[in-house]
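Fit chain Y to the given chain P structure using the hints.
The listed protein sequences derive, respectively, from chains P and Y. In case it helps, this note's numbering puts the first sequence at residues 1 to 359. In case it helps, this note's numbering puts the second sequence at residues 1 to 306.
It cannot be assumed that every hint is accurate.
To give a feel for the contact side, a few chain Y residues facing chain P, derived at Cβ under 7 Å [said to hold, decoys possible]:
#1 Val89
#2 Phe98
#3 Leu108
#4 Ala265
#5 Ser269
I should point out that these hints are in silico values taken from the structure, not numbers from a laboratory. Predicted, not measured: the structure shown is a model, and the values here were computed from it. Note that CB positions come from ideal geometry on N, CA and C, so glycine has one too.
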Amino acid sequence: MIRLEARPEPSRTFRWASPLIAFGLTIAIGMVLFPLMGKNPFDALHAFFIKPVDSAYGVGELLLKASPLMLIATGLAAGYRANVWNIGAEGQLTLGGIAGGGVALALHGSTSPFVLPLMFVAGIIGGMAWAAIPAWLRTRFNANEILVSLMLVYVATLILSILVHGAWRDPEGFNFPQSKMFTESAILPNLLPETRLNVGLFVALAVVAAGWVFMEKSFTGYQMRVAGLAPAAAHYAGISSPRTVWLGMLIGGACAGLAGVGEIAGPIGQLQASVSPGYGFAAIIVAFVGRLNPVGIVFASLLMSLLYLGGESAQLNLALPSAVTGLFQGTLLFFLLAADVFIHYRIRLRRAARSTAPA
Amino acid sequence: MDTVAQLVILTLAAGTPLVFAALGELVTEKAGVLNLGVEGMMLVGAVVAFIVASTSGSPWLGVAAGMAAGAVVSMIFAVVALSLMANQVATGLALSLFGIGLSAFVGLDFVSVVIEGIKPLAIRGLSDLPVVGQLLFGHNPLVYLSFVLFAAVQAFLYRSRAGLVLRAVGESPQSAHAIGYPVIAIRYAAVFFGGACSGLAGAYLSVAYTPLWVEGMVAGRGWIALALVVFATWKPWRVLAGAYLFGGVTLAQFQAQASGSAIPAQYLSMLPYLATIVVLAVISRDTVTIRLNAPASLGKPFHPAG
Numbered sequence: 001m002i003r004l005e006a007r008p009e010p011s012r013t014f015r016w017a018s019p020l021i022a023f024g025l026t027i028a029i030g031m032v033l034f035p036l037m038g039k040n041p042f043d044a045l046h047a048f049f050i051k052p053v054d055s056a057y058g059v060g061e062l063l064l065k066a067s068p069l070m071l072i073a074t075g076l077a078a079g080y081r082a083n084v085w086n087i088g089a090e091g092q093l094t095l096g097g098i099a100g101g102g103v104a105l106a107l108h109g110s111t112s113p114f115v116l117p118l119m120f121v122a123g124i125i126g127g128m129a130w131a132a133i134p135a136w137l138r139t140r141f142n143a144n145e146i147l148v149s150l151m152l153v154y155v156a157t158l159i160l161s162i163l164v165h166g167a168w169r170d171p172e173g174f175n176f177p178q179s180k181m182f183t184e185s186a187i188l189p190n191l192l193p194e195t196r197l198n199v200g201l202f203v204a205l206a207v208v209a210a211g212w213v214f215m216e217k218s219f220t221g222y223q224m225r226v227a228g229l230a231p232a233a234a235h236y237a238g239i240s241s242p243r244t245v246w247l248g249m250l251i252g253g254a255c256a257g258l259a260g261v262g263e264i265a266g267p268i269g270q271l272q273a274s275v276s277p278g279y280g281f282a283a284i285i286v287a288f289v290g291r292l293n294p295v296g297i298v299f300a301s302l303l304m305s306l307l308y309l310g311g312e313s314a315q316l317n318l319a320l321p322s323a324v325t326g327l328f329q330g331t332l333l334f335f336l337l338a339a340d341v342f343i344h345y346r347i348r349l350r351r352a353a354r355s356t357a358p359a
Numbered sequence: 001m002d003t004v005a006q007l008v009i010l011t012l013a014a015g016t017p018l019v020f021a022a023l024g025e026l027v028t029e030k031a032g033v034l035n036l037g038v039e040g041m042m043l044v045g046a047v048v049a050f051i052v053a054s055t056s057g058s059p060w061l062g063v064a065a066g067m068a069a070g071a072v073v074s075m076i077f078a079v080v081a082l083s084l085m086a087n088q089v090a091t092g093l094a095l096s097l098f099g100i101g102l103s104a105f106v107g108l109d110f111v112s113v114v115i116e117g118i119k120p121l122a123i124r125g126l127s128d129l130p131v132v133g134q135l136l137f138g139h140n141p142l143v144y145l146s147f148v149l150f151a152a153v154q155a156f157l158y159r160s161r162a163g164l165v166l167r168a169v170g171e172s173p174q175s176a177h178a179i180g181y182p183v184i185a186i187r188y189a190a191v192f193f194g195g196a197c198s199g200l201a202g203a204y205l206s207v208a209y210t211p212l213w214v215e216g217m218v219a220g221r222g223w224i225a226l227a228l229v230v231f232a233t234w235k236p237w238r239v240l241a242g243a244y245l246f247g248g249v250t251l252a253q254f255q256a257q258a259s260g261s262a263i264p265a266q267y268l269s270m271l272p273y274l275a276t277i278v279v280l281a282v283i284s285r286d287t288v289t290i291r292l293n294a295p296a297s298l299g300k301p302f303h304p305a306g
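With the rest of the complex left out, here is chain Y:
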């Protein structure tokens, strides 16, 4: 029973960065903005979180700084893509390339630094309970935060008036503008939220999941998160399911490596990427579902004057 609990804990731990990043991107896309800069924002979040955690000694301060950093770099995207109406695909790519360069640059002096990361909970009495103890109380605190984020996003999008407005902006910015909603401001806010979530995802990687900084340590998770949003057909609960599915795939790789399997490690490292491709193809095949669920104005610039 203990191994099952362990497996669940590891799967959730591996899926959590994807939950953060994909939920953030989902909100951004619901407002009609396609930000392909997730990988870059995650890297910037990861490196800033690590630097702040190691210099201040507080991993939690690092997490806050990582979130802030992700949000700040997302604003570069917002200015160029929303105010200056540049192509969102190209601008998002620019943000990813920029984030890769920026994080490598500022993180250089921190490559071999060791920090005390955020550890999984160990509540005396509760976490030691047989079976359920570990399952309910043995996760990393940030994993619980990801549950909170999921509930908040779900409630915001489908239970709040603000969420309704955000979705309206994503479906038809012209109508939302005509009724008097500030389309560009709402889109800015959505990009900001997505940036903070990506920063949080990066921070989770560098101060909780594997407390260290390595250049390019996000390793494509930002792109996988983007694919997850499509896979989830823009529904938060499916993002959660997809993230843990991918978490499980990543896990299989470590398990096989640990058990000394004869297959070269590289084959197993390919699994998450190949799984992403296969899943993307299977889901996208149903063009009707995609068209019905994708925000109608996704990726299109909006100019109030027409």
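With the rest of the complex left out, here is chain P:
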């Protein structure tokens, strides 16, 4: 009989091996799935993981898509460590995009070098404002932040829809639901010729580094970790629970809002009815795969970005639906959570468990 036995101490090895195991198992599922769809599994793997990044342009795309993911995941990780479950990063990203885009449209045509910084500030405020709602309702009314932040994703999408169908619609845009294209001062400078990669990558990396210092080295970061691991102990130690919730939500909102500006001032260059292919949700997976650790998150965001690119490439090269990306994302998270059991438990094989098992 197979039994799980608690380890005396959590395994550090498994903490980092588990994402690799999960990724391996996800690929294994792919190897089973692709033949079922009539595709050679090795061609499919090649199209999924090699083809997208075999050119400079591809690598640029990889880093371009990884930027918002690592940015949002770092912000979410700060909250998750403290047991603050912000699930609405997609909405906070959208609000950040709306706020930043509003600035870009208001200063349309300006050549001032302050347009982009202003957009970033507006985006951060927008994301934080959207995250402040669940924080306030949680601390003031005890309302579950998971459900509130998630409901606000739908509301944010609808607000964006109202704007691009109405007040902010480009009058010369043939009635498409999108704003004017931003002028040059509101667009992030390109980093590598022949690619779409822009300086947003540096913004993201800087935030991740700051996130690492905050979470690992600062006293507040330590307090938040204690609040997550041992709420009762945190309470006795005088760590304020509302403050933890507020910090966790606002950091997540600020990062997501920043990512929203990165999208509209980067690859999109205007406001559209949708400003993100689900980065806010994918970043939840990135945060977990990266072990809620900024360094791990950088690697996990590259992996997740590759899944996005792989989906697009599989659609182009193999006529596979790009929805396969979402399927793999979910599968990866499941395997990760399952493999995580070995951090705290180990398998014991026993013939008669009854006589020795503690009640």
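Same frame as chain P, now just chain Y:
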């Protein structure tokens, strides 16, 4: 009088998916398991029901398949969260994300397919009766099924021994285990039931309410159902009341759209989500009631060896 009857019928029709999903989740939570995967299970139920209904030609077979599909994907959650003791919040989210991806993937070829859905009852003689005819006999058959489900859940939880055991597992798994009840097996069963109900809710949407498949067509109803369970303070009759309240809110949106109101449609589409937030805040504010009614072990993993 006819418009009133029509209004009641439409409200019940809009609230029914929430009744199915929230009653299922309520039973799951009563056993101490928080499954946040309702949205994903509903989507999987919806797409499988639609595919089976359109390929077999039988919407009822579709409903059965949708229920089965919801139950099957809920078992992934059960293995990871119950047997492998993963964090239930994270696992539930994984199930939702997985369900969104899976349903979009398998439903791709069925996006513009038209099917003959399950129609509201039309019993010759009875449904034509003035006033009460429509009110009593004019609903979709699945709406009646939701009444049956409500009565069954109510009777099971509060009138049966098995229901008592399930609630005991949710309140104190350690005690239930000590007396000799198989805590994990009971929790598996509760998750399975919740999955089947979510699948049924999704099937209702795709083969009865609006007989078509659109990616993400559940549109947050799974999350609203989760909020409803809190709103109902884990009491089945309040789930019913809450579901119809939200059904009414959804309805207001369609009515205003149909009457050509000047307000952009998006404002009205926000109503159900905003209503959920407001209601959640108002109910959760009373922490004592929440603490007294919430299953004590909700969301906590259970390992028999301690």
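For each hint, the structure was consulted:
no.: 1; hint: Val89; result: 6 Å, holds
no.: 2; hint: Phe98; result: 3 Å, holds
no.: 3; hint: Leu108; result: 5 Å, holds
no.: 4; hint: Ala265; result: 9 Å, violated
no.: 5; hint: Ser269; result: 6 Å, holds
Hint 4 from the earlier list is the only one contradicted by this structure; the remaining hints agree with it.
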